[in-house]
Each structure stands twice: as C-alpha cells, then as structure tokens.
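*Asks:* First to last, the sequence lines map onto chains W and D. My numbering numbers the first residue of the first sequence as 6 and each following residue consecutively. My numbering numbers the first residue of the second sequence as 105 and each following residue consecutively.
Just so you know, these hints were derived from the structure itself, not from any lab. From the three backbone atoms N, C-alpha and C, an ideal C-beta is built for every residue, glycine too. Errors might be hidden in some of the hints.
[Stated by the list, open to error] Here's a subset of chain D near chain W, in silico, CB distances under 8 Å, partners left out: (1) Tyr133; (2) Gly174; (3) Arg203; (4) Arg204; (5) Phe211; (6) Pro218; (7) Ala219; (8) Leu220; (9) Phe228; (10) Pro238.
[Stated by the list, open to error] Calculated from the model, a selection of chain D residues having no Cβ within reach of chain W, i.e. all distances over 12 Å: (11) Arg125; (12) Val141; (13) Arg239; (14) Asn320; (15) Arg340.
As a plain string of letters, each chain reads:
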Amino acid sequence: MRRWHRQALWVRWAIRDARRHRFQVLSIALLLGLGVGMFTAMSSMSIWRVDSADSSFAALRMHDLRFSLVEGGTAREGELRTALTRSGATADVAAAAERLVVPTQVDASTGGRTIMVPGRIVGAPADGDVDTLAARGGSLPAAGTDVALEHNFARHYELPETGALTLAGGQRVAYTGQVLAPEYFIVTAPGAGFGAESTFAVIFAPLATAQRLAGKPGQVNDMVVRLRPGADAVAVQRQIERALRVTLPETGFTVTTRDEEPAHRMIYKDAEGDQQLLDIFAFLMLGAATFAAFNLISRTVEAQRREIGIGMALGVPPAQLARRPFLLSAQIALGGLILGIPVGLAADAWLEGVLEDFFPLPVVNAAFQPAVFLQGAALGLVLPLLAAAVPVRRAVRVAPVEAIQVGARAARSSGLAWMLKGLRLPGGTLANLPLRNVLRTPRRTIMTLLGITAVVTIVVAMAGLIDSFDATLDASRSEALTGSRDRLTVDLATATAADGRALRAVTGAQSVGDGQPSLRLESTLVAGRERLDVALETVPDRRPVWEPTYERGALPAARPGLLIARSAADALDVGLGDRVRVVHPVPTGPQTFRLETTTLPVTGIHPSPLRFLAYTNTAGAAALGVPGLVNRISVVPAAGSSAEDVKAELLPLPGIAGVQGAAATTDAVDEVLKEFDQILVVTVAIAAAMALLIAFNSTAINADERTREHATMFAHGVPVGRVMLGAIAEALLIGALGTAVGVVAGHAVLSWVLTTTVPETMPDLGIVSAVTPATYGVAVISGIVVVAAAPLLTLGRLRRTDLSGSLRVVE
Amino acid sequence: MPLPDARPVTPAPATDKVLIRLEQVGRRYHVGDSEVVALADVSLEVRPEELVVVLGPSGSGKTTLLNMIGALDSPTEGRVVVAGQDITHASRKELFAFRRHGVSFVFQTFNLFPALTALENAEFGADVAERPDPRTVAVEMLERVGLGDRLGHFPHELSGGEQQRVGIARALASGNPILLADEPTGELDFQTGVQILELLHAHAHTGRAVVIVTHNREIARIADRVVEISSGRVVRVGPPEEGQVEISDLRW
C-alpha cells in the first residue's frame with residue numbers, strides 16, 4: 006500500500022508537469038499522433054494492395070501463360086488448342102481458352118460529349134474457366150452482338166452501366182455491363198507502359214461476337230492457359246512453344262507469363278515501390294515528432310535540475326528520480342497514441358478511397374491492420390521514452406552539489422556562441438542576439454532543425470516527385486507535338502501498302518490537312534544480354550507533318566539507321582555507332598507474320614522520356630524486310646477543321662483501327678498520375694502542419710526558458726515588439742537552416758526515388774528530375790515562413806510577463 | 105514594531121532637484137478572495153548624488169517599492185514622479201521609453217544574457233539607451249568596474265562577483281540618472297559584496313542617484329539615507345541608525 010502511494014506521488018507529480026506544459030505536451034502529442042497515424046495508414050497500403058491483388062487475381066482465375074500471335078497474325082479457331090493438346094502438357098493445364106484480341110476504335114460519345122478512343126476487342130468463350138470477368142454494374146454479355154465495357158474506362162468517363170458504343174467501321178453494339186478483367190486491373194495501352202483508362206477502351210465479347218465484329222470469322226490469335234497448382238510453368242511453356250512452332254510454322258508468337266503481364270507486374274511492383282517511398286515519409290514524420298519530443302523533455306529535465314539535485318541530496322536513487330521525466334514522456338506518448346488512432350483511422354479511410362479510385366479491384370481487402378498499428382504505436386511509445394533517456398541520464402549523473410547550486414555557479418553555458426566571439430555583425434547587440442541564441446543552445450537548435458529538415462525533406466521529395474512527373478510528361482508531350490500541336494495519329498487495322506485504299510482515304514479526307522505514313526512494329530531491341538520492348542516506327546523520307554527531335558546523331562538519308570530514346574540507350578548500354586539486334590515481325594501472308602532478327606546501327610538519340618519509342622528510316626524499313634508498308638498515319642487537321650472533326654470523319658472509314666491525339670499516351674499517363682498526386686498533396690499539407698507544431702513547440706520552450714531574459718530586456722525598456730522580432734529572427738534562422746538542409750536532403754531522397762523505385766515501377770518512363778520554384782516556395786513557406794511566424798503564438802504570453810517575479814527567479 | 109501614526113518626513117538634502125518623488129504611494133494585490141497590501145502610504149524624495157538604502161525584512165515591500173520607481177509595476181494609490189516624469193498613469197509605451205532613458209537596474213541574480221560576452225552585455229545597456237558609440241562606452245564601463253581584461257568572457261566563464269560587476273557596467277553604460285539595485289550583494293561573498301558596494305557608492309557621487317534594496321542592516325550603514333520598511337509601510341527615514349561608516353569598515 007505504501008509502495009503504491011509512493012508510485013502515485015510520482016504519477017501525480019508528472020501529471021502536474023504535463024499540465025504546466027500542456028500546450029507543448031498537446032502539440033507534441035498531436036505531432037506523434039500524426040506520425041503514428043500516418044505511419045500506420047501508409048504502412049498498411051502495400052498490405053492492402055497485395056492482399057487485394059492476390060484475392061482478385063485468384064477470384065478471376067488469371068492465366069499463368071499467354072501465347073499471342075504476332076500482331077496482325079491469326080490462326081483458325083481450334084488450331085491453338087490443338088497445339089496445346091499436342092504439346093503433352095495438358096495434365097498440367099487446369100484451363101485454357103482461345104481468344105481473338107484485335108484493335109478497334111471505340112466511340113462512346115454520350116450526352117453531347119465526344120468520347121472517341123482507340124481500343125481493343127477481346128473475344129473469349131463465354132463459359133471459359135480462365136480470365137473470367139467480374140461485373141461492376143449491369144451483366145456479362147450472353148450472346149449475339151452484345152458486349153461488355155471495361156470498367157476503368159467506363160468509370161473514367163462516368164458512363165452508364167449499360168449503353169451503346171460505335172466500333173471501328175461504324176459498327177453499333179450494345180454493352181450490357183461494365184466488367185473488371187485481371188489483365189486490365191491496371192489498363193495499359195499498346196506502347197504505353199501504364200494506366201490508360203482515359204484513352205484506351207477494352208471491349209469484352211463472346212468469341213463468335215468478337216470474330217464477327219473484327220471481320221475475322223473463325224479466327225483466333227491468342228491463347229490463355231491456367232496451370233494446375235504445382236505445375237512447372239517453364240516446362241509447360243516450352244512444351245507449348247514447341248507445339249505451336251510445329252502447328253503454325255509460318256506464324257510468329259510471343260509468350261507472356263503471369264508475372265510479365267503489365268497489370269500483374271505493376272500492381273505488385275508498384276505496391277512495393279510505393280511502400281518504400283511511403284515508409285521513408287512515415288519514418289520522417291515519426292522522426293520529426295521525436296525530435297520535438299526530445300526538445301520538450303530536455304527542457305523539462307533542465308528545469309527540474311535543482312529538484313533532481315535536491316532529490317539526490319536526500320538520497321533518492323537516480324532510477325527513481327528518472328521516473329518523473331519518464332512519466333511525462335509516457336503521457337506524451339499516450340497522448341500521441343490516443344490521437345494516433347483517429348488520425349490513423351481517418352488516414353486509413355482516405356487511403357482506402359484513394360486505393361479504390363486508383364486500382365478498382367473485384368476483391369478489396371482494406372481491413373484495419375492491427376499489427377501495423379501496434380508497430381506504429383510501439384514506435385510512438387518508445388520514441389518519446391528514448392528521447393527522454395538522454396537528458397534524464399545526463400541530469401541524474403550530475404553531482405547533487407552541482408545540481409542544486411544557484412546564482413553565478415549555475416550560469417548557463419553559452420553553448421557555441423563562442424564561435425561568434427570577436428565577430429562584429431551589423432546592428433547592435435539586440436540585432437546580434439538571435440544568432441547568438443541559436444548557437445547558445447546547440448542541442449535544441451539541432452533537434453528543432455532536424456524536425457524542420459524532416460518536414461522540408463518530405464515537402465521537397467513529395468512535391469519534387471509531382472514536379473518530375475510533370476516535367477517528364479511535358480517533355481514527352483512537347484516531343485510528340487513538335488511541329489503541330491494538333492497532330493493526330495491514325496492507326497490502320499492492318500499493315501497495308503503505301504498506296505493502299507485506307508491510306509488514300511485518310512489523306513484524302515476533307516478534315517485532314519496533310520498526312521505522313523509510317524509503319525509501327527512492336528519489336529524488341531537486344532544488345533548483349535539486355536532486351537527492351539519498343540514500338541519501332543519508320544519515319545519516311547518526306548516528313549511534312551512531324552519528325553523526331555535528335556538529341557545526338559540523326560536518321561541518315563540513304564543508309565539504315567536507328568533512333569532510340571536516351572533512357573533506352575542507357576538501358577541497353579549502347580551509344581551512337583553501336584549495333585543493336587531488332588526482333589521484329591515480318592508479314593508472311595495476308596494474316597500471318599513471323600518474327601525475324603535484323604541488326605541496325607544506332608545513329609541517333611531522341612530526348613523523349615518515353616523509353617519505348619524507337620524510329621528507323623526508309624532504308625531501315627527495307628533492311629527489316631517491311632519496305633513500303635504502312636499501318637499508321639500522322640495527320641494534321643485542315644485549315645478550319647479541328648482534331649474532333651478529323652476523328653469524326655475518319656472513325657467510320659473501313660480499315661481504321663484508331664484515331665487519337667499524338668500526345669494521347671502522355672495524356673493517359675498524366676491522368677493516372679493525377680490520382681497519385683492526391684497522396685502527395687495531402688502528405689505535403691500534413692508536413693506543413695507538422696512544421697508549425699515543431700516551431701510552436703520550440704518557440705514555447707524558448708519563451709519558457711527565456712522568461713528571465715525577456716524580463717531583463719523589458720526592464721531595460723526594450724519594447725515587446727522588439728523582443729518578439731528577435732524571437733522571430735531566431736526562428737527564421739533555424740527555419741532557414743533547416744529548410745536549406747531539408748532541400749538538400751529532399752533532393753537526395755527524390756534522386757534516390759527517381760533512380761531506384763520509379764524505374765522499377767515505371768520502367769518505360771525515363772523520368773526527368775525536376776523541382777519547380779513552386780515546390781521551393783512550399784518548402785520556404787513550411788520551413789521558414791510558418792516557423793518564423795510561430796513565435797507570434799507566444800505574443801500574449803510575452804505581453805503578460807510578470808516582470809517583478811521573472812527578474813527574481815533563481816534557476 | 106508598532107507603525108508610526110504620523111507619515112515619516114523625508115529630510116531633503118541640499119540640492120532642490122528631485123529625481124524620485126513618491127507621494128502617498130500604495131500597492132494592493134488580490135490573491136484569491138483576499139487583498140494583500142504590499143505598500144501603503146509611502147512618500148519619498150531622492151535627489152541626485154544620493155545613495156539611498158531601502159531596508160527591510162523579506163516580504164516587507166521593499167522590492168515592490170523599487171519596482172514602482174523603476175516602472176516595472178504601477179501603484180494602485182498615490183503618484184510616482186521619476187526623473188521629472190509622472191509615471192503613475194503612463195501608458196505601456198511610455199513606461200518602456202522611461203525605462204530605456206530614466207532608470208537602470210542591477211539585479212540580485214545578475215540576469216546577464218548567457219549568449220553575450222561581458223562586453224556585449226554592457227554594450228546592450230548602452231544600445232537600448234541609444235547612446236552614441238555604445239561599444240566604447242561599454243569598454244569604458246567595464247574598465248571602470250575592473251573587468252578590462254575580461255571583455256570577451258561569457259557569463260558562465262566569470263565568477264559571481266565578476267558577473268555582478270558586468271551587471272553594474274551594463275547599468276552604468278545606459279547613462280541613466282537613476283540606478284536601482286535589488287539585493288546586489290545577495291548572491292555574493294563578503295569580499296565581493298564590498299567591491300560591488302564600492303562601485304555603487306562611487307556611482308552615486310557622479311551626479312546620479314542610487315537606490316539599493318537590501319535586508320542587510322550592515323549594508324545600510326553606507327547610505328546617505330536609509331528608508332526602513334515593514335509590512336509595506338515606511339517606518340523610518342534618516343541616516344543609518346547604527347551610524348554611517350566607510351565601506352572598508354563594513355562587516356557581515
């Protein structure tokens with residue numbers, strides 16, 4: 006009982022300490038709450054994403070292997086399945102389906118709004134047991150002419166659950182519902198490495214419907230295979246490849262494993278990469294809170310120095326004396342924990358919403374993660390106690406006689422103010438005081454500085470990431486629109502001769518001003534062991550509409566040449582003059598292609614950040630064995646016509662697969678990244694709020710500690726405004742220093758993210774590092790303006806200083 | 105000790121110029137429901153070149169009296185005129201200006217700025233009083249208090265006596281006509297205390313007035329006049345009761 010009473014005394018005492026510093030305690034608890042809450046929410050993201058993705062891929066029975074005939078090539082329905090049967094791998098196959106996957110143009114215009122984008126028809130057996138569809142409104146198409154519309158696209162344009170679409174060739178179809186499909190959990194367009202729901206529409210139809218819509222009755226060009234658990238995927242793949250080569254000797258094909266599917270790869274890679282990024286910010290936030298806690302506890306312990314000394318003189322063991330500051334820390338930690346729960350739950354709800362917006366999946370597991378919360382809570386509890394350990398240890402190691410002394414012998418050290426000894430700065434002693442004070446309490450200065458540094462690091466890295474994406478997309482857009490901002494690209498359904506009917510129809514259209522034909526081939530560049538998938542486009546000798554920019558070298562006039570992106574050259578480790586093997590399709594018949602390998606010299610580097618864009622010239626096309634073929638036309642609208650006019654006129658023409666703005670890929674990426682911007686913007690806002698809390702905390706401690714100095718100044722007639730100005734100048738100095746360090750650290754974090762995380766999650770984007778003046782502005786506002794303004798929060802207290810009492814305080 | 109019925113009469117020295125005039129000054133505080141009378145009916149005049157010691161036990165109101173003169177506190181009754189300025193009802197701004205140019209303080213706990221050197225602390229006094237060439241003034245004052253060789257030292261590098269001498273140099277550097285010292289030797293040993301008193305005594309005879317607050321009856325023996333306070337009232341004003349002595353003859 007007596008023992009309990011003794012403990013209760015320490016607790017009561019510590020509660021009084023907390024009450025005395027209630028505003029600081031509350032501000033640090035709030036800081037910790039923000040840190041713990043954000044840590045919990047941010048750390049839960051990857052768990053949710055991986056859980057949701059696992060469940061969603063399993064629920065829709067995603068394929069393990071996909072065999073696709075080279076673009077333009079088809080086989081008779083049943084031939085691919087025959088190859089599978091002949092492969093001898095059927096025992097390992099749980100399900101397989103032949104499909105027809107063909108490009109198209111989709112007109113989803115509704116209610117006076119024009120929505121015309123390139124797209125794809127995916128035809129598969131309605132009763133298949135692989136790559137099934139999940140309805141997100143309406144129902145799956147049963148038969149006849151009905152189709153289903155990919156949900157991400159429909160959601161982007163807020164299309165109704167059911168409706169009508171016009172496909173290439175003017176075919177009108179009804180869609181009975183919106184669906185999610187595992188291959189399109191993240192929508193990718195040909196040539197674009199990631200999300201393209203705003204510019205690419207996928208239509209799902211029963212196989213017979215798709216064949217009819219594509220004008221390829223009885224034809225297929227794709228087979229998806231789901232393996233039984235425990236099957237050797239590599240062995241099965243080889244068996245089927247061998248069988249396909251035998252069954253379709255004239256037709257090239259590519260194999261894509263489940264892990265290589267863009268949607269699959271991106272979901273997991275992205276989750277992993279984003280988590281690394283979020284972890285950094287979560288830890289920075291917790292770090293900022295810890296530095297602030299350290300400051301307050303140091304100050305409290307310092308203020309208790311004499312009391313600790315008296316305790317030691319009375320024989321109280323140091324461990325017992327340490328209880329009081331530790332109990333204060335525990336209260337801060339508990340406050341942080343309590344505040345962390347609503348912050349965490351709110352952040353959870355918000356991030357869950359962002360997640361659902363960003364990656365709508367059929368199964369979403371965004372449950373509260375108790376383990377992650379406990380981890381954050383443990384950190385939130387331990388960090389303040391660790392912060393207390395250093396000053397407490399220092400205090401209880403002092404000899405009692407030193408601790409209890411007052412007057413001259415207790416005079417505070419001048420810290421690092423000696424560094425300015427003999428240095429005469431402009432202005433009087435008052436003007437010099439802020440800098441001296443900054444140096445006088447180096448430990449606190451450093452802790453405050455680190456807190457501000459952490460915040461500014463978050464601001465610069467996060468906002469810099471947005472800037473870098475923007476700069477990258479601007480560079481890409483600028484490159485795509487060189488020469489004409491209205492340039493469009495028209496994709497033909499099949500490669501045709503340069504004097505073909507489709508080409509003539511396009512260039513002869515009323516709304517088209519000029520046209521420039523080219524051939525775009527999905528190819529692979531190989532140099533040594535490095536391989537890179539690219540969209541290789543031929544650039545004709547006559548280039549009235551557009552030609553790529555040359556950063557170095559060029560496409561020569563008479564001999565074959567290859568122009569690749571700077572980032573592609575880096576990835577392949579090649580330079581001008583190096584020879585690269587190009588694996589590309591070559592037509593072997595009206596519907597068949599085979600893959601061939603041709604070596605071309607790298608003759609130029611272009612500056613577009615889109616790594617997958619590669620170009621060759623007319624001589625190059627000849628070397629590739631595809632001279633005179635065309636499947637794309639760059640056009641500019643005629644005078645008085647708009648891009649929409651061109652789309653409206655060309656879409657119904659036969660043989661047209663798609664018409665889109667030349668920067669459509671960039672715009673698609675831009676749309677997707679805007680969703681991610683939300684997370685960055687909110688994090689930056691929270692960081693700015695944390696800066697204010699850190700600065701307030703530091704200022705309040707200073708005001709508390711310097712009461713006597715301020716009273717002395719008032720006794721000398723120094724006005725309150727002048728003293729406040731000094732406090733602001735001091736905060737400004739720390740803020741400026743913290744901001745400077747934070748900007749450097751932010752650049753380092755940004756650079757690390759851009760060179761490690763982003764290339765893994767967005768390999769096709771040669772990201773350009775950029776930090777705009779606006780970001781520096783936000784950093785200056787968070788780290789300097791907010792911090793410098795914080796002393797104003799103590800103005801009332803300064804004005805109410807008890808002069809007489811403060812001047813006689815014996816510390 | 106019974107309080108005198110009659111208000112004590114302040115004997116005025118030879119000069120007619122009055123630097124400090126308190127007329128029936130009183131100060132009451134409210135603590136919870138009760139009222140505390142810190143000062144009551146105090147009248148006092150101090151002239152240039154006078155060294156006045158306000159003597160009294162702890163809680164007698166002597167510091168409150170000093171605060172009234174120094175414009176750190178305002179009376180609830182009576183009138184305070186210092187250096188020709190009626191500060192009884194002065195605005196906050198006027199009080200700040202008055203403290204810059206009218207009075208200077210020496211504190212028991214020195215109250216030096218830890219981040220400033222001895223020279224800079226003294227310079228601060230000249231700075232805020234807007235004296236020309238504050239650095240030269242500060243050097244001169246520090247040399248006068250015997251710290252010419254400690255100019256670049258920070259407070260924590262100085263002994264208690266040295267710190268108090270810096271405090272005095274800071275007060276002198278302001279050049280203000282009135283110096284108010286609150287228990288200036290309270291934190292010091294005897295020898296150092298004597299040195300401090302010598303400095304204050306010397307300063308009083310340069311045309312300024314010095315008011316020292318102390319509870320030490322021995323120190324009061326160096327005063328030209330002693331104002332004894334008890335329970336907020338002046339109980340005696342006059343030369344030291346035990347007789348005036350030279351500073352060198354002090355013992356405590």
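*Asks:* What hint numbers does the structure not satisfy?
*Replies:* Hints 1 and 13 contradicted; others consistent.
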